[in-house]
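Chemist: Sequence:
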Amino acid sequence: MINIILNGNKIAVEEGITVLEAAKANGVYIPTLCAYEGMNPKASCKLCIVQIEGEEKEKLACATKVKDGMVITTDSDELFAKRKETVQEMFRQHTVDCHHCLRIGSTKAKDFDPSFCKDCYFCDCVRDGFCELQEKALEFGVDELPFEIHEHDFAIDDSTGSIIRNPNKCIKCRRCTDVCKAQGVGILGMVKTENGQTVGAPNGLMADGCIRCGRCVNVCPTGALFMKEHKDEEIYFAHQYGTETAAMVCSCVLKELEELFKVSKYSFTYEQVIDGLKKIGIDHVYDPAFAMHISNNQAADMLDKMLGKKCVILTRDYAAKNFLEKNYPELKKQFAFHDSLQQVFGAYMHEKHPGTKLYHITSRNSNGAEAVETGNCDYFINARELYRIFLRCGVNPALRKGAEAEQLCEYERCERYGDLLHIGGWNLGSKAEELVFTESGKEYKALICHNLGQVKKAVESMDKYDVIKVVG
861 MINIILNGNK IAVEEGITVL EAAKANGVYI PTLCAYEGMN PKASCKLCIV
911 QIEGEEKEKL ACATKVKDGM VITTDSDELF AKRKETVQEM FRQHTVDCHH
961 CLRIGSTKAK DFDPSFCKDC YFCDCVRDGF CELQEKALEF GVDELPFEIH
1011 EHDFAIDDST GSIIRNPNKC IKCRRCTDVC KAQGVGILGM VKTENGQTVG
1061 APNGLMADGC IRCGRCVNVC PTGALFMKEH KDEEIYFAHQ YGTETAAMVC
1111 SCVLKELEEL FKVSKYSFTY EQVIDGLKKI GIDHVYDPAF AMHISNNQAA
1161 DMLDKMLGKK CVILTRDYAA KNFLEKNYPE LKKQFAFHDS LQQVFGAYMH
1211 EKHPGTKLYH ITSRNSNGAE AVETGNCDYF INARELYRIF LRCGVNPALR
1261 KGAEAEQLCE YERCERYGDL LHIGGWNLGS KAEELVFTES GKEYKALICH
1311 NLGQVKKAVE SMDKYDVIKV VG
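Numbering-wise, the sequence shown is residues 861 to 1332 according to our numbering.
Calculated directly from the structure, the hints in this document are not laboratory data.
These numbers come from a predicted model, not from an experiment.
From the three backbone atoms N, C-alpha and C, an ideal C-beta is built for every residue, glycine too.
One thing to keep in mind: the hints can contain errors.
What the hints assert, rightly or not - Cross-link-like lysine to aspartate or glutamate pairs, in silico, DMTMM-like; alpha carbons within 25 Å at most:
# : residue 1 : residue 2
1 : Lys906    : Glu945
2 : Lys1091   : Glu1054
3 : Lys1193   : Asp1164
What the hints assert, rightly or not - Here are the in silico distance ranges between beta carbons for each label pair:
# : residue 1 : residue 2 : range
4 : Tyr1188   : Ala872    : 44 to 52 Å
5 : Glu875    : Lys1041   : 27 to 35 Å
6 : Lys1302   : Thr1129   : 35 to 43 Å
Please model the entire structure based on the sequences and the hints provided.
Modeler: Structure representation (structure tokens):
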């Protein structure tokens, strides 16, 4: 531990961390748009400038390590003015189609009232109301831009069919390039075009090389990357007489929904989200327990046949399957690809309830590509789109009484292989972890990969393991 002075307060911090990390650990806010938990900072946005005593120029908090005795100022009139200029500059290439309200007739920040606008749908951007750049513009009072606005200089890339890239919204923070590289794909990077520099695929289209994991969508702070939406179709079919609708909803959307609604943790329950879906007209809402155990039983059957021969590479994630097939075709005989929850749900409903419109609601964006490319569900809806649907229909889950999810049918819980089949959770910053499990009296060793970037190292050392599990 070393001592620094942060905004006049003497504090002890861990040696070797950045000024940004030290400030965050001590509850001090420093604005940033490129830093993201689990990824190394690229110092792209230049918003996190701070003043350090003895230094002639400002330093970037995300790229400056603390030193013993360092005196740091994170907030001043001078810093505010320079940060405002930086935010303004981000709009030089950014299509400004948020907040031009047809009733107020003004785009000025001082005229924008979120409570007045929350039920209005004239704004064009898919991230309007929960855009990090928009928040920074409001924070620094950016409402007039001292240069010509370029509306649509770049072509929209919808080549994947599920992940949409709109370069006109890109602020070049490079979060997406970092997460794409961390996933072991690396197709996104800085490219030059006749209209300037932007983030894109070097060969022009994301479809060439993209595995459709959708992790770039998770980290994008603006509307430059988003999953193809179906909110209009969902609302239409939910209210169409004679059309049966059914949704399977995963509890993983709860955390993100709370963040989008800007409420505290546990402000609403899974049952209240189900009630909200019933309110907007979904006839049947199912929890994924049935699909989970059907999928796990499939995996167990595969392991029964394959375990103990060569290392088994196990996954049900659609993007992980794409990644493995593309990069390791020579290991095809060792792949154990079992059905995703969406595949199980779709197959059952298509057989037992043909003609029903099917919705899968989950935060796992790779299911969006799976729905488009396999047709196992009619519509994939992530937490962001569900939030927009709820707003459009005037539904606040916190105000609903709650409703129980339906069960597709009776099922037998898969108890075989213990934690191996039940452990999950994609995590950019976590390390691959070893797991020892016992089956039929024999001990086996598994490696759990929490993101695709860990697969390469896992394959290089696969002789050490009986199973490599790649979670979605």
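Chemist: Run every hint past the structure and note whether it holds.
Modeler: Status of each hint after checking the structure:
1. Lys906 <-> Glu945: Holds. Lys906 to Glu945 sits at ~10 Å (cutoff 25 Å).
2. Lys1091 <-> Glu1054: Violated, at about 34 Å.
3. Lys1193 <-> Asp1164: holds, 15 Å
4. Tyr1188 <-> Ala872: 44 to 52 Å: holds, 47 Å
5. Glu875 <-> Lys1041: 27 to 35 Å: holds, 28 Å
6. Lys1302 <-> Thr1129: 35 to 43 Å: holds, 42 Å
Consistency note: the structure conflicts with earlier hint 2 alone.
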